[in-house]
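Enquirer: Hey, can you work out the whole structure from these sequences and the hints?
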Amino acid sequence: MALLNYHTLRRRLVVASKVVMRFGLALVLIWIGAMKYTEYEASGIKPLVENSPLMSWLYDIFSVSGFAALLGAFEITIGVLIALGFAAGRLPVLGKLSALGSALAGLMFLGTLSFIFSTPGWEPSLGGFPALSVAPGQFLLKDIVLLGASLWTAADSLEMAR
1 MALLNYHTLR RRLVVASKVV MRFGLALVLI WIGAMKYTEY EASGIKPLVE NSPLMSWLYD
61 IFSVSGFAAL LGAFEITIGV LIALGFAAGR LPVLGKLSAL GSALAGLMFL GTLSFIFSTP
121 GWEPSLGGFP ALSVAPGQFL LKDIVLLGAS LWTAADSLEM AR
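Per full-length UniProt numbering, the sequence shown starts with residue 1, numbered consecutively.
Treat the hints with care, as some may be off.
Claimed, not checked - For lysine-lysine, the following DSS-like pairs were computed, each having C-alpha atoms within a straight-line distance of at most 25 Å: (1) 18 with 96; (2) 142 with 46; (3) 142 with 18.
Hints listed in this document are in silico derivations from the structure and should not be mistaken for laboratory results.
Expert: Below, the structure written as structure tokens:
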């Protein structure tokens, strides 16, 4: 009887973790993407982008608010694509689209993680590197977990697309 309960509990935890992982990742991306349309968020990402050797050139093309809005649209689109994975069991093409969204999220999180190294802000009162400041360090460190979630949802979506 205990073995059955263990397997039942495990199965329920697996199902719950899949729902929370996919929903949580999609929600975070859509919510943060929507926030990019505010002046608060546009000015908040400015020091990250302008100090990045990978992305600083974008402000030569776009205004601060224009780039934030473009990034917001990208994040919302990625979040919606990831959410399509909920229906991928019924329509395999949705699994492929969800996997694409997850892959794009993974690339985006790799890009945001690079800000830890390019944005000034190691905590000087603790001796600098490796002491992370609240912003950008601790704020960006969570993207390691989001990167893992995007890799997991990509694999799960591809499995459902088979």
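Enquirer: A separate judgement is required for each hint: does it hold in the structure or not?
Expert: Now for the hints, and whether the structure bears them out:
1. 18 with 96: 17 Å, holds
2. 142 with 46: 19 Å, holds
3. 142 with 18: 19 Å, holds
In this structure, every one of the numbered hints holds.
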